[in-house]
Structures are given as C-alpha cells and as structure tokens.
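Trainee: Here's the letter readout for the chains.
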Amino acid sequence: MKILVCVSQVPDTTTKITFTPDNKSLNTAGVQFIINPYDELGITKALELNEQTGGGTVTVITVGGADTEPNIRKALAMGADDAVRIDAEPTDAFFVAQQIANYAASQNFDLIFTGRESIDYNGGQVGGMIAELLNLPHVNVITAITVSGNTGSVERDIDGGREVVEVATPFLVSAQKDLCEPRIPNMRGIMTARTKPLQVIAANGSDKRTEVAQFQAPAPKAGVKFIDPNNMDELVSLLHNEAKVL
Amino acid sequence: MSVLVFAENSEGRFKKAAFEGVAFASAIAGGSVTAVVMGNMDATQVAELGKFGASKVLHYSDASFNAMDAGVFAQVISDAASKVGAQWVIVSNTYTGKAVAPRVAVRLNAAFAPGIIALPEGNTVKRSVFSNKGFADFSLNQSVKVVSLTPNSYSFAEGSGTATVESCSFSPAGNRVTVKEVKKAAGKVPLTEAEVVVSGGRGLKGPENWHLIENLADTLNAATACSKPVSDVHWRPHSEHVGQTGITIKPNLYIACGISGAIQHLAGVSSSKVIVAINTDKEAPFFKAADYGVVGDVFDVLPRLNEAIKAFKNS
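Residue numbers (this note's numbering), protein chains in the order written: chain A, 1 to 246; chain B, 1 to 315.
It should be emphasised that the hints constitute simulated quantities derived from the structure, not laboratory data.
There may be inaccurate statements among the hints.
[Said to hold, decoys possible] Within a straight-line C-alpha distance of at most 30 Å, the following computed DSSO-like cross-link-like pairs (lysine-lysine) qualify:
(1) A/K225 / B/K273
(2) A/K244 / B/K180
(3) A/K16 / B/K313
[As the list claims (entries may be wrong)] What the simulated footprint calls covered on chain A by chain B, stretch by stretch (three residues with Cβ under 8 Å from a Cβ of chain B suffice, anywhere in the stretch; the number is not a length):
(4) 8-21
(5) 46-58
(6) 76-87
(7) 123-133
(8) 169-179
(9) 193-205
(10) 221-227
[Said to hold, decoys possible] Residues of chain B clear of chain A, computed beta-carbon distances all greater than 12 Å:
(11) A47
(12) L119
(13) D232
Cβ atoms here follow ideal geometry from the backbone N, Cα and C, with glycine treated the same way.
All chains, full assembly: derive it from the sequences and hints.
Mentor: What follows is the structure in structure tokens.
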C-alpha cells in the first residue's frame, strides 16, 4: 500500500512546561523535542502493514521548520521510505490539515495515519480535518488494523468499550496506544536514513482560524492536607464538608 | 444568538455529557437552543432535552445513524447547523465528539476549539494544553465557531422546560464505515465521563489485588483507572491508563492508590477538582499535587476507606 503518516514534533513527556514572559509562546529553552508518541505508532504500524504484504511505500509528512529535521530523519531511520516537510510554523490545526491535504490530494494514498492527538496541544483535530478536506472516511483512536485487498478491518476505542469497523480504502486512521509497540531505529536504519529523500515544500496559503491569545500555567495547589491512615472517617468528612465531592 | 448542540446517546439513552452540552449551549445562547439527536431513540426521552435548555430537537432517527461514522455524523450535524443558521456548534469531547467535531468545523468553514473547559468570553475559549501542564486562551477567528466541551466542566441543573421534536431525514454521501462488532466494557462507568475515579498503581503489587480498587469504586459508583506502568505490564487494559499518553480525565474526585505521581501521570489527572493520594512513601511526588494525602499501605487503607464511605452513605 501507499501510506502517508502525518508526524509532528512535541516536547518530551518529561518536560516541565513554562511560557515566555509575554505568555504568548512555549519557553523552548532546554526543551528536547521528540516525535509525537502516537505518530510513532502510526509510522510503526504503516511499516508493519507493508512488511506483511511485502510491498508499498511509507511517506512521512510534517509541517514545521528546519528544526524538525532530526525527528524526520528519525522517522526515516525507523524505516519510512521518504519524507516531506512543509516549511511553515504549525500554529493552527486547520492550517496544518490544509497543508497536508493539499499535498495528499494528488498522491493517491491508500491509507493515511495521524496520531490520536499530539501531546502538546492535545487537540486531535488534524486527522478529522484532513479526512473531511479529502472527503475520506476516517476511524479515530484505533487499537488494531488489518487491510485485505481494499477492505480495512479496524478496532477503535469508543466510550465505554471497543468496536470493530470495516471501511474501504482509501481512508484515514488515527493511532491510539495498544496499536503496536513503537519501533526503535537500528544502526543500519540510522545510516540509510541520511540519504533517504526529504522534500521541502513551501506552504500554500495562510488560512489560520484560531490563535493563542495567551498561555497560563496551572494555579499552584494550596498544599496537601495529611490524614491519619487510621482515621478514614475524617477523610470522608473532609471530602463531604470541605471539598464537597461526596 | 443561534446555537446548535449535538446531544449524544449510547444505545438509545442520553449520555450525561449530552445534558451538560445542552445546558452549556443554552448558557452561550442566553436562552433556548436547538439540539441534534441521531439514531433510534424514544420520543419522550428525546424531548427530555427541554429540561436542560433545548426548545427544539432535530431528531435524525434513521437506524443507520445508531452506529458512529464520523464522516456521516459530520454531514448531518452541519446540515442541521445550516438549517438553524448556527453561529456556535457545541459537541461533547467524548470519543465520538473527538472524531466528529473537526469534520463539522471544516464543513462549516468554522474556527474549532476542542476540549474547552469554560464558557467562552466573546470569541475566546479556554482549554488545557501540554497534557494539562498549562492552559491556553484561543481566539476563534471565524464567524461560525465549533467547540467541544470537556465532560464535567460545566455545572448545570435540571429545569422544567419542554422541547418540540422534529423528525428529520438526511442521505449522507461518500464511503461509509460499518460497525461489525461491539465489545462493551459491561456495567462499568465510562472513565472519561466519570465524576469519581479510583485509580491504582504499582503499589497494588499485582492484578489479583485489584478488588481493593474495584470495591471502593463500586461503593462510590466510580470508574476505575490505572497508571502507565500497570497497563504496560498488562495488569489492567490500556483503556484504563490515565496520564499524558493515556486518557486525560477531569473527575470531581480522583483517588490515587499506590501511584507515586510521575509528571506524565499527573498531566492526565491534574484537572481533577479534588485529588486524594494514598501512598506508603511520604516523599511521593503525588503529595505535592494532591489535596488530601494518606501516608499508609493501600492494603490497610483502602478497606478502611471503603467501610468509612459505606457508613457515610448509610447515615
């Protein structure tokens, strides 16, 4: 299959998040950026699907500046065949979706992966938007996928359970944990990644529909109140009378 | 102002998030709103949305809408939005809402904000970002605005209004997703919507001890959850994993049992209104994020807490 995997880079999960003094942007000093963990699952599953059938290609695409290239190379080292970088700051989900949809529209991909959400903005918007822009069916938060001929069988999380759905290619899915274990690049992969094609494309248009007015750090907690482990009646009473949650 | 809200049901019953969404939409509208309902549902139940602020319900009752297909749902909701000239469209930030809302926004040429946590101020909405490690105010710069509301974000009460129900039909275009098999986690409170969550970590020492978590959850009518290490070693399913790479939740009460409180875990639960942490280690990072702490062994504390809550509920 010809598969496209959408990738974004995000602050490492251990990052302590702070904002610039004007509260307009993330303070990136000392922050290490990684491939969004859900996108890594998409890359891995795309590779696995093609390895099972012994053919096809996996293209990764990102919208971002030149600073994303180390992570794009990592995706290539995992085994993707080629990469596309659309050279623009990914500040608005619709803008990102439109850039990717513009690229994908002429490429006849059988399958497109996104992550369930990026762990920075947690929006989970881009997959659905790309699907709508390309008029494709899409299945969100998937935990398993097989494709036989042009029929995909996909398991997804639903509220209070899981279900299995069928959908014909081409379609879009967004990866949820449990889909697979992320692949770790081996030395050969890292070496070959250096020479794999990475195409840089200029952004097309600048239709942005949202912007961050300001960021805020969470309010600090008042401090924990310790309760004697032998006095759970006191905890219950505090939860009822003080916190009012019982 | 014209506001449309998508009120989700599961097997013919409204989710609590549906009532919350209607009440939230009604607060934005400053009065009554129109609700969209999809799939088979009893007409008297549908009309119940009136009690939360809907004056009219557009009921797309075709049985093919019982199963969720994001592309199809988006077509129906945007059809309804165009019918009523909606300036705001409200969806719940459930799995269904997460799939449907971005597509609705594209169809309506709208600005979209997922997972908002408070009423908008003008064109500005608030949501958590960086997996709850921060918040952001987003301005929505289109004339039509689509937002999804994080469950348990808006307090509302049941009123006495009534809604008129209009039966609608719609023939969706394009390829469909067909549901082949449903695996419901039977009888459980869905984690994303739960008001109380009891969660266990490695301190429970093994899956065979999970009855301690489940018993307390039963008493509290709570959902059960776990930390990442617990789902990584398959003591519990991944669907219960809360944290930065799991589910983000916002219950009224989160009880963390034997979880140390790594930054990635806290990211998924720090929006909880009240956090209780139970851990043997007084230095556990969770005590910095918790409102109430119990330094003790979960094997002693949990049965005692369960009895204390039972006694309280019976009093």
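Trainee: Which numbered hints does this structure break?
Mentor: Hints 2, 3, 5, 6, 9, 13 not satisfied by this model.
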